[in-house]
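Engineer: Chains A and B supply the protein sequences, listed in that same order. Numbering-wise (the UniProt record's numbering), the first sequence opens with residue 1 and increments by one. Numbering-wise (the UniProt record's numbering), the second sequence opens with residue 1 and increments by one.
Take the hints with a grain of salt, since some may be wrong.
To be verified - Quick look at which bits of chain A chain B covers, simulated, 3 or more residues with Cβ under 8 Å: (1) 352 to 362; (2) 634 to 645.
Stated by the list, open to error - Partial list, computed: chain B residues near chain A (C-beta under 7 Å): (3) T48; (4) I50; (5) A51; (6) N62; (7) R64; (8) G65; (9) I67; (10) P69; (11) I92; (12) I95; (13) R98; (14) M158.
Stated by the list, open to error - Beta-carbon label-pair distances, calculated as ranges: (15) A:E18 with B:R116: 57 to 63 Å; (16) B:L136 with A:D594: 39 to 45 Å; (17) B:L97 with A:G611: 37 to 43 Å; (18) B:I41 with A:T284: 21 to 27 Å.
Since the hints were derived computationally from the structure, they do not count as laboratory data. Every residue, glycine too, gets a C-beta built ideally from N, C-alpha and C.
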Amino acid sequence: MSIDMRQFHQVFFDEAAEHLGQIESLLVSIDLRRPDDEDLNAVFRAAHSIKGSAGTFGFSDMADITHVMENLLDAVRKGERALTADMVDACLAADDILRAQLAGHRQECQVDPAPAAAIIERLTRLLPAAPVGQAPAVAASADPLPVRESRGLQADVFDVRFVPEPAVAAQPTLQDNLLDELGRIGGVEIVYRPPPEADDARWWLKITTLMPADTLQGILDFMAAPGTVEISATDGGAPAGEETAYGFFDPLPDLPAAPVSVPAPQAPPREPAGEAKPAAGADTSIRIGVDKVDQMINLVGELVITQAMLLQSSQGLDPVLHERLLASLGQLQRNTRDLQASVMSVRMLPVSMVFSRFPRLVHDLSRKLGKQVELKTLGEHTELDKGLVERLADPLTHLIRNSLDHGIELPEARVAAGKAPSGLITLSASQQGGSIVVEVGDDGAGLDRARILAKARERGLPAPDSLSDEAVWALIFEPGFSTAEIVTEVSGRGVGMDVVRRSIHALGGRIDVKSIAGVGTRFTVRLPLTLAILDGLSVRVGSETYILPLGHVTESLQVSPDMIHSLSGEPRLIRLRGRYLPVVALHREFGVADGGTDWCAGIMVVVEVDGVQMALFVDELLGQHQVVIKSLETHFRRVKGFSGATILGDGRVAMILDLQALVAGARRLQSVAA
Amino acid sequence: MPLQAGAPPSITDDAAGGCEYLTFFLGDEEYAIDILRVQEIRGYDPVTPIAGTPAFIKGVANLRGTIVPIADLRIKFGVGGVEYTPFTVVIILNIGLRVVGIVVDSVSDVVSLPARELHPAAGLSASIGAGFLRGLGTVGERMLIVLDIERMMRSPDMGLVDPDDAG
């Protein structure tokens, strides 16, 4: 390559990833018996786009795979082959390998060529007896630009007109590079080259080449302004790319190559110029670094604080004398609130970003397990914080695997139970107040109470028969708990559910399970709207303010002296409704010198973390509000006992308590008390 | 006497292309730090103390929406009376990508000090810590204690960074 293509790599990576996602979602949803032509075409186009740009950038491994894929899809599209499940699977596998290759190129590291060669083999076997020219180039060193062969070695003459990108138009060197580039695939004759200063002048080239039109298209796409490339075959040559069949042209009879002026189909508007690029809609969005967005969120947060301070200092003013000032302040308040809301929404992504991967998962797993499963997704447009969306993928994957593996029965068993042979997994998301609720439900066998209890006893967990259903279901979240009779590849390693619960907790959410034998199981995951905001209870300890995550607070109360119990000579516990709760005195824990020490004068806040209850002793409850979580680690380091910090309305910093860490200390105390 | 060979090695000095220093007082002693590390200078606002940190870490403060740690160099070096008056100053430093504030008694001057005018300060580094002292400089009649503030702030005994990502 004579110009540095690296600057375009990022665009290629992003586009290719989009195309791969599209291929996957289309293939998974395709109906084998009556494949929709439009879908087939879309898959074909996506594969083709990847091939084109991969070839241009020299990622020949990707071009090789997509080339074979394209051939296969083309045969299906033209009705030469019926679509089979094998084909879909092979294409999906190819999609995976392409992703791996893409990831490799992104990180500029070597990709293992073995799986690529294997998939090309696999795809090739599915092809109709391949014409000579269509044999895939398996050799790693293959030319990424597939030569068009079936017409023999007759070169085509293409009539190419395009308007260069403004950046290219301004730089003759870039133009020369382009000409060099084209010169490598064939003869280039310049019919009209506009002078360098002409901005949007149209170039006109005649190119004699063996390559198909899309190769030209690929080269030109990166130099020409979008949508301006027109390629048409002139004398002798078939219309662009007819043989490798885009289906955009009617086949022409093979005319003798006499220089009769076959009325060359004058530049039939090559719609597919859009192929290599996403549709025009792409212009309406921009990619921004998350750090920039976060900076905006910070600054807006500061603006809100400043605004609140202004409002506070205006409170003493005479409303009659300062009417205009007060009106403007009111306006400022509304505007800042709107601004804050819209800036926060920048970080929000639709949950479909995670949901979209599950049809594939269900498709693959159900085939592997011999089950028939339909996946229904609801509320994919529900938005939540980017950070949450990304970290939600793993726990949800686990839940869905679990439903597939343990929940849904085999078709025979379902029929025997009077259900439809095909099971249903429902994945839904919705916003409920300040939180997002994601549910994974199945209509399978439900949890087996007896087996969970037996398993729990086996593992030495306290599990009396009198346990309520809910308590029994909660047992499946215990570490090392799996009821699968056979440890399968899919799940059943016993690391599942406790990891799910832990990762949901880490996101500030919680998970519940409901199950009815024979009817199904439903997992409900409740998450805060955003990672950046926490529902907090602010408490005063001495002159310090601390924030407790409200989700863990169960109650607060004032204790009387008879509720306080000592342990090894010191008051350590309170007795509340027959239970002994360990007390963590925050002033002592955090060394607040001016904190109150009389337990009866302050307030006990009862919190529950991971099933452990404890009481926190504070001086006063200040209020309950949403706080913006700030990391301490950005400029400082982790501090034991705190999960982060926030900025209060008056600009001061308050620490957010890490209850998990506190409970670890209290747990020891409770085990003594119990 | 001025000497070059003996001048303590410095990472930032030449790379940064300048030898301008911000000088400040801790008690009666005048210290100097590379001015390119300084982001801003502000008054001392009360900070939020953090339990379980060394005494010289005063706590964390809100700097336009980000939370930055504040260290009091007077306590760290054991010089000057530690009181917080309206004239107490916080110098906000940029150390790599991190932002850190240090409390000093007052900021005095910006001086240019060529590397060759730095005198080695062997044997003087007991309280400050070896390697954090670039040397001693003289401006007129004043003696400047020139600190390698970046290395000092990154060092584990400041407790400002997690040991595992101190790099």
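Engineer: All the hints need checking, so say for each whether the structure fits it.
Structural biologist: Evaluation of the provided hints:
1. 352 to 362: violated (count 0)
2. 634 to 645: It holds, with 10 qualifying residues against the three required.
3. T48: With a closest approach of 4 Å, the T48 of chain B hint holds.
4. I50: This hint holds: I50 of chain B lies near chain A, its Cβ roughly 6 Å from the closest one there, short of 7 Å.
5. A51: holds, 4 Å
6. N62: The hint holds - N62 of chain B has a Cβ within 7 Å of chain A, the shortest such distance being about 5 Å.
7. R64: Given a least distance of 5 Å, the restraint on R64 of chain B holds.
8. G65: Status holds, d = 4 Å.
9. I67: Cβ of I67 of chain B sits 5 Å from chain A, so the hint holds.
10. P69: Hint holds; P69 of chain B Cβ to chain A Cβ min 4 Å, cut 7 Å.
11. I92: violated, 10 Å
12. I95: Hint on I95 of chain B: violated, closest Cβ of chain A at ~9 Å, above 7 Å.
13. R98: Cβ of R98 of chain B sits 5 Å from chain A, so the hint holds.
14. M158: violated, 10 Å
15. A:E18 with B:R116: 57 to 63 Å: holds, 59 Å
16. B:L136 with A:D594: 39 to 45 Å: holds, 43 Å
17. B:L97 with A:G611: 37 to 43 Å: holds, 39 Å
18. B:I41 with A:T284: 21 to 27 Å: For T284 of chain A against I41 of chain B, whose Cβ atoms are near 45 Å apart, the range 21 to 27 Å is violated.
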